[in-house]
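A.B. asks: Given the coordinates of chain A, assemble chains B, C and D onto it according to the supplied hints.
Protein chains: 4
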Amino acid sequence: MKKIQAGVVGATGYAGAELVRILLGHPQAEVAALSSVSFTGQKLSDVYPAYYGLCDQVCGTQEEVVEQSDVVFAALPHGLSQDLAAQCHAAGKAFIDLGADFRLKDEAVYRKWYGGEFRFPALHEQAVYGLPELFREEIRGKKLIANPGCYTTAVPLALAPAVRAGFVSTQGIIADCKSGVTGAGRKMTQNTHYPELNEGFSAYKVAAHRHTPEMEQTLSRLAGEAVRLTFVPHLLPVNRGILATCYARLAPGADPQAVRAAYEEAYRDEYFVRLLPEGRVADIKQVRYTNFCDISLHFDRETGTLIAISAIDNMGKGAAGQAVQNMNLAFGLEEQAGLRLVPPAF
Amino acid sequence: MKKIQAGVVGATGYAGAELVRILLGHPQAEVAALSSVSFTGQKLSDVYPAYYGLCDQVCGTQEEVVEQSDVVFAALPHGLSQDLAAQCHAAGKAFIDLGADFRLKDEAVYRKWYGGEFRFPALHEQAVYGLPELFREEIRGKKLIANPGCYTTAVPLALAPAVRAGFVSTQGIIADCKSGVTGAGRKMTQNTHYPELNEGFSAYKVAAHRHTPEMEQTLSRLAGEAVRLTFVPHLLPVNRGILATCYARLAPGADPQAVRAAYEEAYRDEYFVRLLPEGRVADIKQVRYTNFCDISLHFDRETGTLIAISAIDNMGKGAAGQAVQNMNLAFGLEEQAGLRLVPPAF
Amino acid sequence: MKKIQAGVVGATGYAGAELVRILLGHPQAEVAALSSVSFTGQKLSDVYPAYYGLCDQVCGTQEEVVEQSDVVFAALPHGLSQDLAAQCHAAGKAFIDLGADFRLKDEAVYRKWYGGEFRFPALHEQAVYGLPELFREEIRGKKLIANPGCYTTAVPLALAPAVRAGFVSTQGIIADCKSGVTGAGRKMTQNTHYPELNEGFSAYKVAAHRHTPEMEQTLSRLAGEAVRLTFVPHLLPVNRGILATCYARLAPGADPQAVRAAYEEAYRDEYFVRLLPEGRVADIKQVRYTNFCDISLHFDRETGTLIAISAIDNMGKGAAGQAVQNMNLAFGLEEQAGLRLVPPAF
Amino acid sequence: MKKIQAGVVGATGYAGAELVRILLGHPQAEVAALSSVSFTGQKLSDVYPAYYGLCDQVCGTQEEVVEQSDVVFAALPHGLSQDLAAQCHAAGKAFIDLGADFRLKDEAVYRKWYGGEFRFPALHEQAVYGLPELFREEIRGKKLIANPGCYTTAVPLALAPAVRAGFVSTQGIIADCKSGVTGAGRKMTQNTHYPELNEGFSAYKVAAHRHTPEMEQTLSRLAGEAVRLTFVPHLLPVNRGILATCYARLAPGADPQAVRAAYEEAYRDEYFVRLLPEGRVADIKQVRYTNFCDISLHFDRETGTLIAISAIDNMGKGAAGQAVQNMNLAFGLEEQAGLRLVPPAF
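Protein chains in written order, with our numbering: chain A, 1 to 346; chain B, 347 to 692; chain C, 693 to 1038; chain D, 1039 to 1384.
If we strip away everything but chain A, and leave its shape as in the complex, we get (with noise of 0.2 angstroms):
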């Protein structure tokens, strides 16, 4: 059977590395083509001397990427994905977006954060988007998909079947996420150069993060009520990972077992979500460079307070990993495929 083609527009930012990266294990799947603004007419392997041998692809237009692929990834700059998303709809290819362009649904709330409109409303009805573990009946065979970001992937996933069931206060959720530097980009910035990150640690963007309105879509849509949330962010000297230690005011009557229990429901059957036993808590060592989602439960029994953790590979599960697993609902394929990798121990 002829293997899916895959192009990757923008491959040379993190996402866009990691992706390929992916897709070069992926059974069903290959690298049709690649484009990068700023490395045309350069070998990936140039950039990531790691892929050296191994992906000595040139970097194209963006252009030739939807030509020759069944499926474009995207992984730009926001505002840069709804023209793509445009040419691949009009070339009949599949879309997925690594940014924020198609994220949200109000365009109110996506003028006031970052600043743009919707330029293709039509296209924006029919975008679905790409949590699978909450919305995967949506996803199936659909051809633009909007891939969440790394927060909203882990913070939503930490809280929603507490969320879902009414267990939770929706009001006065804290969600104190910490970043590794990946989630930060490819882009030189001071903060990010070595020596003043090493060793440091601090929040950033105080409850300011544009993934603020995209989490409270998508909890909101779970408890079918406005929900407002507190998120701070955090920088960590850490490559990779996103650990969300999300804090919610238990409601009257919810106990701690039910609360776990409608957890185990809920994530029985997901592959890539690795509810953790009583006693062990997430962290983001542990699914390194996989698309797992760990999570872990606990309980302030003196105030009344769920604790919930999770951990994902912010380039995993936070991007290029939850990319694959959307083609592979998108494409009808095992949604492991590709994605059956092991995190190193160490």
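Bear in mind the hints are in silico, worked out from the structure with no lab data behind them.
Just so you know, not all the hints are guaranteed correct.
What the hints assert, rightly or not - Simulated pairs of lysine-lysine, BS3-like, Cα-Cα distance not exceeding 30 angstroms: (1) D:Lys-1243 to A:Lys-43; (2) D:Lys-1041 to B:Lys-348; (3) D:Lys-1180 to A:Lys-205; (4) B:Lys-348 to D:Lys-1040; (5) C:Lys-897 to B:Lys-389; (6) B:Lys-458 to B:Lys-488; (7) B:Lys-533 to C:Lys-897; (8) C:Lys-797 to B:Lys-389; (9) D:Lys-1081 to A:Lys-43; (10) B:Lys-348 to B:Lys-489; (11) A:Lys-187 to D:Lys-1243; (12) B:Lys-551 to C:Lys-897; (13) A:Lys-2 to C:Lys-694; (14) D:Lys-1040 to D:Lys-1143; (15) D:Lys-1040 to C:Lys-897; (16) B:Lys-349 to B:Lys-389; (17) B:Lys-533 to C:Lys-735; (18) B:Lys-451 to B:Lys-551; (19) A:Lys-205 to B:Lys-551; (20) C:Lys-797 to A:Lys-3; (21) A:Lys-112 to A:Lys-187; (22) C:Lys-879 to B:Lys-551; (23) C:Lys-695 to C:Lys-735; (24) D:Lys-1081 to D:Lys-1181; (25) D:Lys-1143 to D:Lys-1243; (26) A:Lys-2 to C:Lys-695; (27) C:Lys-879 to C:Lys-797; (28) A:Lys-3 to C:Lys-897; (29) D:Lys-1081 to A:Lys-187; (30) D:Lys-1040 to B:Lys-349; (31) C:Lys-735 to C:Lys-694; (32) C:Lys-897 to C:Lys-694; (33) B:Lys-458 to B:Lys-348; (34) A:Lys-187 to D:Lys-1041; (35) D:Lys-1225 to B:Lys-349; (36) B:Lys-533 to C:Lys-879; (37) A:Lys-205 to D:Lys-1081.
These numbers were taken from a predicted model, which means no experiment stands behind them.
C.D. replies: What follows is chains B, C and D alone, placed relative to chain A:
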């Protein structure tokens, strides 16, 4: 003038070693004697080669330290300080305890979290809690000082002005804290073995850490009512620092400008507290190797939440630095003596 | 076709755990049985939570492993493999030893550096040295393979083509090597306690490391004369990788272009050796989690020195990866089976 | 007594910022003025938040620094110090150059490696090379001092006693050096972007680094004959430190005990050189944030090789610390003034 003779019991643990480093640079104190159970008879510089040629003193017994010192610092596992305090008391020596034995005022609470009892109630009566920015006047001239722990310095300093003024609800306070590895001590454990911690990050003792009642004691005293908080510590793959991200609901009518003004008023004359200007975010990197506590204030106006972030060096303001600050107060020295340290920029 | 049943003795050490990770992705082998002295009766995923849900096999005894396996991998402290080899031999099982017991051909040398003796001379006769790029034909189909150590893979691969062709003097060769921390194993030591290693870097066992005679054995065999080298290992604050910076004096008339041509010829068909183009420098980062050995060549024309730098993952090509490569050769499988791993770019 | 007014040109680079940190603690000097091309008009503490409240001085122009200072330190890219030196000379100010412009005595060598020329030959005549442990008497009272680079401090100090005494061959010396990232400066580059350096390690400018002729100049002077060495620098994923592992062939009859005795004799009275006892190995960790140079000696008796290892803080003894040591000598102060810093143990 004769220098104060300072002794350190438990000198080969991390807090003890850091005390020695600070004392070596103190203009009015000098290291008189050291003791260590594990390394009796060995030079401190055999254990810490950084000190080679600078502190080659040999570790003796606890008794020798008491005899040769004007002030005895103890960096011991909990439960072992009470006898030493009694010895110091009998010998008329000042005693500054970096352990937990004299921090909690309520014996029942101590018993619940630490499993021991108050063996010398009269000493517990005398002991003062050594957090100078909050209780300075109680410390001056005293001879038995309970030096707070690291989290229990960072969290109360972050919240004190708001709690004292009633600007936040005393219910639902959350302290999401992240600590450098030295906080776990010099004793080897599998999870602090380099390859297992490196590139990892997780919470531990979730809502079950012994520092919880100590923070609640301090905050309750400031609030004038019982405060319960949810405390989740995490272990950072860096050597030093504590970042405390504290969340509290703003009381009705509490205006962000008024809250900030209360902090400015509270910390205006505090050399060791640096209230950062708006737009800055506290970072553990900026306080390393010093006694500073940096604080930044943030407000989530959508949810009415104060987010107060403090950063200290867990070995500095969180242990040895603060102990020296307490010594200075106890002996009537300038409070900053030996502590005018400039944090390295990188 | 029935998969090869692979067993791992010493599965809870780092090399053992990495073997399991590789075997879990091997298309023609599967993990049949594990053993561990320290963790008998526990699941491997209890020791390494990364493997939760992926390898929850319980560690049994060495005897069980021999019984249930077609091939037994041993990752044991030196001295413990000889009995196990005899057991495997008696049971007709293939045996691949990641320890040192069968690597040295000269018993006197073994005794000098390791302190033991050759207890089964006949087995030592049969044992082949498992460095496929240099001795492939000897390994095919064999049942007792001594897998080289990490330094002893990196250094000979860096120097082999030059030494074999006589392009460098066999006198005065220097191997200045730097190893990631996993090379020191899972056993806790003070100098691999996170706060003491982090931000540090030093040499150890200077000109006194046990791998020295093993490298000399390999290089002497290639040179056809006795080679002595000066070997200084250093410990890097990273998890994985060995960088070997090797210095050798160019023989009179040895031209850099000719030397490079010899390397190209030697490694042209070697999948796992990536001879880097001129201008590139080998970096441990680019081979992590794989079985690759990257080599870059440099010349100091002023002093007539060849500088050959090789980079491997000490747990991959330096241990578990090479062991699987040897298994593939021993069992007549495709040599790259299970080892077509793409190093992550970050 | 009026303090020495010290000015820093290029204060916002790493060496400049470290100079400020040291000067802030100097008992007989104070920071008079700062300049920075990139940050004119900004406070130093805006660039380095660690200095908030401690050095909020505004960066002005180079001219202002010259005018307001008794001594001008320059931390500038090569080629820019010559004019400044002339300005200082004209104004009668002392000048200590942390750049390369005045280090090399031979203009042809300077031109070859740096591409420029000696514009003020008279100044080059006056300039002294500021490596006090080797050339102290030349530095006292001088007004134009070329502060050595980091590698060029570590390597000569490691080899000087052996070279001077003729205990080693001047042929075939190898310096395999490893530097912390601050050595690459504050300027962002892709290879010092956190995710790309972290967990990586490689050599750079192999046998082609500009510090080579500077080391050769120093060693040749000590040897009394032309010395050529092979120098390979590597980049370590740590912030600070240089470890120089130096290999030299022992001359016939050179006895390890005699060699060690020569080192003891040479460094007995040197406060900043710590010759470690036998059995210890120099480690960059133990000299961080100080002006120390630790040296350990090792011998490969099989191959007749001296292995001398030195460790410095590249920003301390390798730049700013040594510059202050030179200032002390130039101004007749106690040589250790402001530099009695205790390296943190962790």
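A.B. asks: Taking the hints in turn, state whether each one holds.
C.D. replies: Hint check results:
| no. | hint | result |
| --- | --- | --- |
| 1 | D:Lys-1243 to A:Lys-43 | holds (23 angstroms) |
| 2 | D:Lys-1041 to B:Lys-348 | holds (27 angstroms) |
| 3 | D:Lys-1180 to A:Lys-205 | violated (51 angstroms) |
| 4 | B:Lys-348 to D:Lys-1040 | holds (27 angstroms) |
| 5 | C:Lys-897 to B:Lys-389 | holds (23 angstroms) |
| 6 | B:Lys-458 to B:Lys-488 | holds (28 angstroms) |
| 7 | B:Lys-533 to C:Lys-897 | holds (24 angstroms) |
| 8 | C:Lys-797 to B:Lys-389 | violated (44 angstroms) |
| 9 | D:Lys-1081 to A:Lys-43 | violated (43 angstroms) |
| 10 | B:Lys-348 to B:Lys-489 | holds (19 angstroms) |
| 11 | A:Lys-187 to D:Lys-1243 | holds (24 angstroms) |
| 12 | B:Lys-551 to C:Lys-897 | violated (39 angstroms) |
| 13 | A:Lys-2 to C:Lys-694 | holds (27 angstroms) |
| 14 | D:Lys-1040 to D:Lys-1143 | violated (35 angstroms) |
| 15 | D:Lys-1040 to C:Lys-897 | violated (52 angstroms) |
| 16 | B:Lys-349 to B:Lys-389 | holds (22 angstroms) |
| 17 | B:Lys-533 to C:Lys-735 | holds (26 angstroms) |
| 18 | B:Lys-451 to B:Lys-551 | holds (23 angstroms) |
| 19 | A:Lys-205 to B:Lys-551 | holds (28 angstroms) |
| 20 | C:Lys-797 to A:Lys-3 | violated (50 angstroms) |
| 21 | A:Lys-112 to A:Lys-187 | holds (24 angstroms) |
| 22 | C:Lys-879 to B:Lys-551 | holds (24 angstroms) |
| 23 | C:Lys-695 to C:Lys-735 | holds (22 angstroms) |
| 24 | D:Lys-1081 to D:Lys-1181 | holds (29 angstroms) |
| 25 | D:Lys-1143 to D:Lys-1243 | holds (23 angstroms) |
| 26 | A:Lys-2 to C:Lys-695 | holds (27 angstroms) |
| 27 | C:Lys-879 to C:Lys-797 | holds (29 angstroms) |
| 28 | A:Lys-3 to C:Lys-897 | violated (52 angstroms) |
| 29 | D:Lys-1081 to A:Lys-187 | holds (26 angstroms) |
| 30 | D:Lys-1040 to B:Lys-349 | holds (27 angstroms) |
| 31 | C:Lys-735 to C:Lys-694 | holds (25 angstroms) |
| 32 | C:Lys-897 to C:Lys-694 | violated (46 angstroms) |
| 33 | B:Lys-458 to B:Lys-348 | violated (44 angstroms) |
| 34 | A:Lys-187 to D:Lys-1041 | violated (45 angstroms) |
| 35 | D:Lys-1225 to B:Lys-349 | violated (46 angstroms) |
| 36 | B:Lys-533 to C:Lys-879 | holds (14 angstroms) |
| 37 | A:Lys-205 to D:Lys-1081 | holds (23 angstroms) |
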